[in-house]
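S.K.: Residue numbers (our numbering), protein chains in the order written: chain A, 166 to 278; chain B, 35 to 144.
Calculated from the structure, these hints are not laboratory results. There may be inaccurate statements among the hints.
[Claimed, not checked] Computed footprint of chain A on chain B; a stretch qualifies when at least three of its residues, placed anywhere within it, have a C-beta under 8 Å from a C-beta of chain A:
1) 70-82
2) 133-141
[Claimed, not checked] Listed below are several chain A residues computed to face chain B (Cβ distance under 10 Å; list not exhaustive):
3) Gly181
4) Asp221
5) Tyr229
[Unchecked claim] Residues from chain A shown here face chain B by an in silico Cβ test under 7 Å; the list is partial:
6) Pro183
7) Tyr196
8) Gly207
9) Leu208
10) Leu210
11) Glu244
12) Phe255
13) Ala267
14) Phe269
15) Gly270
16) Gln271
Since the structure is predicted, the reported quantities are computational estimates derived from the model, not experimental observations. Beta carbons: idealized from backbone N, C-alpha and C, even for Gly.
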Amino acid sequence: DAGITQSPRHKVTETGTPVTLRCHQTENHRYMYWYRQDPGHGLRLIHYSYGVKDTDKGEVSDGYSVSRSKTEDFLLTLESATSSQTSVYFCAIKGDSLNTEAFFGQGTRLTVV
Amino acid sequence: EDQVTQSPEALRLQEGESSSLNCSYTVSGLRGLFWYRQDPGKGPEFLFTLYSAGEEKEKERLKATLTKKESFLHITAPKPEDSATYLCAVRVDSSYKLIFGSGTRLLVRP
């Protein structure tokens, strides 16, 4: 298995509270991604990073922010959680070469009540 | 707008009954098409990468093919353990983003 660890694996939080999800990798890969997965929508890209302190938005970035201060860690923050952010969140990592695949973590199931 | 569409949404097969899953795409410049398998409660697991029309890849009972407009994942004589959701994704131009389809849920009954 690719060395990706997501934490926590499950979380229930209240509307309006801040939430931070962590993705940790041991592969020293340059590229890291955050996706959310919802029924009928597949995987949708939230944010991605192409290096330390280098990040960019994906297709569903509103309400989310990210930070990458170290190669191995990519944090996803929901500044003020809403019920529409209830989802399963996946982190992925990818090596430097264009022609390499992405590897995914096990996911974090987030419920906003 | 770059788009990936998978069909069917769900597929039920009897063990041994071969079939194909479809992934059609409309993108500005394909730089790779990826197939993943996802089991319930787990992250997607990489299966294949295809880069150019006419390319084929095989792994056990699975075979992936690519044309200029679509990719097929052929499943030959499937077994119940092949039951999963199969996801297709594309990378376009020089971006490192992967755009995913909604997936096909495959159920293989004994």
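S.K.: Now tell me, hint by hint, if it's right for this structure.
M.R.: Do the hints match the structure? See the list:
1. Chain A is given as covering the stretch 70-82 of chain B, and this holds because 7 residues of the stretch bring a CB closer than 8 Å to a CB of that chain, at least three being needed.
2. Judged by the Cβ-Cβ criterion of 8 Å, the stretch 133-141 of chain B is covered by chain A as claimed, because 5 of its residues qualify and three suffice.
3. Because the closest C-beta pair between Gly181(A) and chain B is about 28 Å apart, greater than 10 Å, the hint is violated.
4. Given the 10 Å rule on beta carbons, the hint for Asp221(A) holds: about 9 Å separates it from the nearest Cβ of chain B.
5. At a threshold of 10 Å, the smallest CB-CB gap from Tyr229(A) to chain B is about 15 Å, leaving the interface hint violated.
6. Nearest Cβ of chain B to the Cβ of Pro183(A): about 25 Å, over the 7 Å cut. The hint is violated.
7. The interface hint given for Tyr196(A) is met, as the beta carbon of that residue sits about 5 Å from the closest beta carbon of chain B, less than 7 Å.
8. A distance limit of 7 Å between C-beta atoms decides the matter here; for Gly207(A) the minimum to chain B is near 4 Å, and the interface restraint holds.
9. A hinted interface residue such as Leu208(A) counts as satisfied when its beta carbon comes closer than 7 Å to some beta carbon of chain B; here the least separation is about 4 Å, so the hint holds.
10. At about 6 Å, the closest approach between the beta carbon of Leu210(A) and any beta carbon in chain B falls short of 7 Å, and the interface hint on this residue holds.
11. Given hint, Glu244(A) at the interface with chain B, is violated; its Cβ is 23 Å from that chain's nearest Cβ, farther than 7 Å.
12. For Phe255(A), the shortest C-beta to C-beta distance to chain B is roughly 6 Å, which falls under 7 Å, so the interface hint holds.
13. Using the Cβ-Cβ criterion of 7 Å, the hint placing Ala267(A) at the interface with chain B is satisfied: the shortest such distance is roughly 6 Å.
14. Satisfaction of the interface hint for Phe269(A) is found here, the shortest Cβ-Cβ separation to chain B being roughly 4 Å, below the 7 Å cut-off.
15. Among the interface hints, the one on Gly270(A) holds; its C-beta lies about 5 Å from the nearest C-beta in chain B, closer than the 7 Å criterion.
16. Of the supplied interface hints, the one on Gln271(A) holds, with its beta-carbon coming within about 5 Å of a beta-carbon of chain B, less than 7 Å.
Against the hints set out earlier in the document, violations occur for numbers 3, 5, 6 and 11.
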